[in-house]
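Participant: All chains should be built: construct the whole structure from the sequences, respecting the hints.
One line per chain: the protein sequences are G and C, in this order. Heads up, the first sequence stops at 1027 in the numbering used here, and the numbers go up one at a time, no gaps. Heads up, the second sequence stops at 1674 in the numbering used here, and the numbers go up one at a time, no gaps.
Check before you lean on any hint, since a few could be wrong.
Stated by the list, open to error - Subject to a maximum C-alpha distance of 30 Å in a straight line, what follows is the list of computed DSS-like cross-link-like pairs (lysine-lysine):
no. : chain 1 : residue 1 : chain 2 : residue 2
1   : G       : Lys815    : G       : Lys837
2   : G       : Lys814    : G       : Lys848
3   : G       : Lys848    : G       : Lys820
4   : G       : Lys915    : G       : Lys957
5   : C       : Lys1565   : G       : Lys945
6   : G       : Lys945    : C       : Lys1543
If you're looking for bench data, these hints aren't it; they were derived computationally from the structure.
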Amino acid sequence: MKALAFGAALAVSCVALGQDVSKEIQRYRQMVAEGSPAELFELQGEELWKKPHGPKNVSLERCDLGEGPGVLKGAYAHLPRYFKDADRVMDLETRLLYCMTTLQGRSREEATARVFGSADRASEFELLSAYVAGQSRGVAIQPRMSHPQEKASYELGRTLFFHRVGPWDFSCASCHGEEGKRIRMQDLPVLYKPQYARPVMATWPAYRVSTSQFVTLQWRMNDCYRQMRTPEPTFGSETTVALIHFLTVTARGETYQGPGSKR
Amino acid sequence: MKRAALSLALLAATAWADPTPQDIQRIMQRDFHPRGQATMERVVQDGVQRVCTDAHDRPPAELAKALEADQMKTIVFPEGSLMGDWKRGEAIAQSGRGMTWNDKPGEAAGGSCYNCHELSPRELSHGTIGPSLRGFASARGASPDVQRYVYGKIYNAKAYNLCSQMPRLGASGTLTAAQIKDLVALLLDPASPVNQ
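Facilitator: Right, dumping it as structure tokens:
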């Protein structure tokens, strides 16, 4: 009798499982968003920002992220943008690399030897991104779109988004092009549409719970192309910056709220 | 005639201000580097990718038909039965490994099937980019024709629907003939959980 009751209860709970799973996932995501350790990365990033480093033994405090040397407030929310000194459009990480090579006198090779970190040890770019992005909390996302190179970068990003390539014939739109789709249990935002791009771009960079890592947009582009089975996009290349530019322009007007948390 | 239709489609789909597919290819050749098994020839589009990119996955019917027929010729059907072992098929359907720059070359790949499709009702974590395949054989049976269709579709999805989002898992060298047969069994064997 007891066994029978148990069996019946089990059967009921199995039927309910389908609905419960998605409810549970919702709850889990809520918890992830509320208790983010992203702040710890911001604090470490601040320390790194202010620490003298490289052959010139200077900190990054005079780095110009577009709002003037050393101005951090709102700088991230206005990237990517065209920089006259470099004569190209840059996102945050590309600009940080520029400051490492110019201000600190480091070689590109040395500065990019470890652009993506691990759960044990975050990379410089991850820590610095956390700190700089945090200084744009509450600021409207408004990447620049006036310089001809900025317009070209956006157009390139948009075209790349729909470009099918590689042994599995994927484009970004293969996963992010249709509403209401999932990979496994992961909902997929339709990133060329503002209503989906806005909440996503307002929370990158982010702490990623599933891998216990702080991750950046350059990492996101890199890992999407890995899953598209292409060769590896070079860190800070025009391709990665253009895609980030396209996504950020699509999200413009949204108030930046990151660094956030991802599943 | 086929070539004329192709170039017309290319022209019509490309707005003048956008970078051309040739531009994109040049840019990718400059901005990407080979890593592991992911070598640089992978950034070169083939005809299917080019047409689908240009047409935003909605190519003119006549062109699609001609190119689907070309893709059909790539499919190599093995001799004899196309039904493998559904249990091995389930493991292949679960695995998302293979072909990336950090997968070991030569190591068996998976089909990534559950990433996009519902198959066995026991697996709740399934994607929805592709249609649900639950109960696949209940409606269609498992006749030699159905087996041939399923084998061909997995081998080269573009032979049946030119701009399908499904990878050409046989034609791309991702899965072996034996693995595809195991997937055919996963979909068609009456004992497979897909058909329970």
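Participant: Confirm or reject each hint.
Facilitator: We went through each hint and held it up to the structure:
no., hint, in the structure
1, Lys815(G) with Lys837(G), "holds, 19 Å"
2, Lys814(G) with Lys848(G), "holds, 25 Å"
3, Lys848(G) with Lys820(G), "holds, 23 Å"
4, Lys915(G) with Lys957(G), "holds, 18 Å"
5, Lys1565(C) with Lys945(G), "holds, 27 Å"
6, Lys945(G) with Lys1543(C), "holds, 27 Å"
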